[in-house]
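Q: The primary structure of each chain is shown beneath.
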Amino acid sequence: MSYDSALPETKPNDNEENAESNSALTNHIEVIQESLLGTGELLESEISDSSQQEQASVVSEDDKEKEKSSQEVKDDNELDVSEIKLNPNIQVKITTEEGRLLLILPTESQIPSTEANWYEIWQQMRLRLLAGDRFWQANSIVHLHAGDRLLDGRQMQEISEALTEAQLQLKSVATSRRQTAITAVTAGYSVEQISKEKSLFTPINPPKPLEDALYLELTIRSGIEIRHPGTVIIFGDVNPGGTVIADGDILIWGRLRGIAHAGAGGNQRCLIMALQMEPTQLRIADSVARAPEKSPSQLYPEVASITPQGIRIAKAVDFARPKI
Amino acid sequence: MTRIIVITSGKGGVGKTTTSANLGMALAKMGRQVALIDADFGLRNLDLLLGLENRIVYTAVEVLSRECRLEQALVKDKRQPNLVLLPAAQNRTKESVTPDQMKLLVNALAQKYQYVVIDSPAGIENGFKNAIAPAKEALIVTTPEISAVRDADRVVGLLEAAGVKKMHLIINRLKPAMVRANDMMSVQDVQELLAVPLIGVIPDDEKVIVSTNKGEPLVLSDTVSLASMAFDNIARRLEGETVDFLDLDTPNDNIFSRLRKLLWTKII
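If you read the protein sequences in the order shown, they are chains U and H.
FYI, this note's numbering numbers position 215 of the first sequence as 215, with every residue one higher than the one before it.
FYI, this note's numbering numbers position 182 of the second sequence as 1182, with every residue one higher than the one before it.
Just so you know, these hints were derived from the structure itself, not from any lab.
Accuracy of the hints is not assured; some may be wrong.
[Stated by the list, open to error] BS3-like cross-link-like pairs, simulated, lysine-lysine; straight-line CA separation at most 30 Å:
hint, chain 1, residue 1, chain 2, residue 2
1, U, Lys171, H, Lys1165
2, U, Lys93, H, Lys1166
3, U, Lys171, H, Lys1136
4, H, Lys1166, H, Lys1214
5, U, Lys294, H, Lys1175
Using the sequences provided together with the hints, build the complete structure.
A: Structure, rendered in structure tokens:
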């Protein structure tokens, strides 16, 4: 049977190999069982190059950075690049902790402070604010966790404007940078000084428990990338060119037409679920699969998981959890 | 309250400038005071489409550097007194203007005009950021091609992030015959992907090229074409009227079927 025709039926091989549970395998995807690590290394070296270039601007921007020996800074960055690969948690986060609404910015070791990066961070923040408004009520108070990020008056104001637009109020700023603290005080926010060590990137070598699920109510459009060290739930579509990368499962209450990467931390038991599964590419842990050339004529909720044959898609109603 | 509308697309060559010129003209025809801003610094075209190229003395850059007053730089349209154009500088690049300066210009124009229409450059770099900075609403222009729709999708995301929430979609250069033959994305296909309310569909029309070359916006020509009707309808919908979408499926048939009918009747 050709790959293209294999949409609603099952490939006979599959039937034989795990016949006991495989009534669920109705859809079938061509699998490129190539390890992500190969391409990952290539990317990494590119990234480390560019980060060294940016290095110059970081150093010149901030006097304090000069005190560090350049060697040390360089080492830091090289280390970070590899850690960024492992830990997808480098995006702006909005979470509640002990009843407090926190806006957490990436630290400078995760995303160096350049004007272009600030624009990126600002955009991420706006998107998160747009997408999660059912988690807070109007006029809630927000605590900004800036970590070691250097914020100037304009950036502080942009944050405050974005929050005001989402009907949130910036109240306090937690920072380990003296200059950021001064900016915050000048702008009239209460400041909490945190020690530098706390904000530093802690190595994640021992596996950490996943973070709380990220719930987003928005369309992931081309060019938007959502990364989260936990499960991601999206109420909306993922359009072609959009990417969702999660350490846990990915649930899409809408159409999945972009790229979804579940279990990015390496967990092979993670699942990708969508009401309409027409992905550009599916990835679970280090497996990659692309959709068949011909899109299925009928679309129903489906679940993708790793089977001994690679990533397979099953009808959601037939999907039996114990199988994996 | 002045409507500040940016016309943008992401991809180049889909008809942003043509749409800006015709829409501006259609709104002006309806008696609105319209200011068109060419935000495509370094690659300006809007003046050509309006046939105003030889009237430009000052540009936005001179206004910003205070070499002239804003009123001096505005080019009044030769046919339509309600329309003015603020031309872009051709000898500069997109970096010569900042988003804040664009806001300044637009706010000054908003005092006097009911519509400020900003023609955005292609791409999503500085020029795009400049164009969307002052905008309150956006018209996304796309053609029914996968690349244009993909770029439009990206732009919608960027506009959302930038806080421009009121967006409408214009599908340009639709070829009904190709859609019928299943060779082109249909309006529904595009709409389903972008999830942005549709405000107009403009059929592919060779007259557009002629009008562009002559510097005479299509909506001003005496012969009525489907494309000019579509632009007029978009202007009316912007004004809040409910106008039925043109039935693009029949016209092609109509010419033939009418002809056939005509012949048929004569024969009998």
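Q: Hint by hint, note whether the structure agrees.
A: Verification of the hints:
no., hint, result
1, U:Lys171 with H:Lys1165, "holds, 26 Å"
2, U:Lys93 with H:Lys1166, "holds, 26 Å"
3, U:Lys171 with H:Lys1136, "holds, 28 Å"
4, H:Lys1166 with H:Lys1214, "violated, 33 Å"
5, U:Lys294 with H:Lys1175, "holds, 24 Å"
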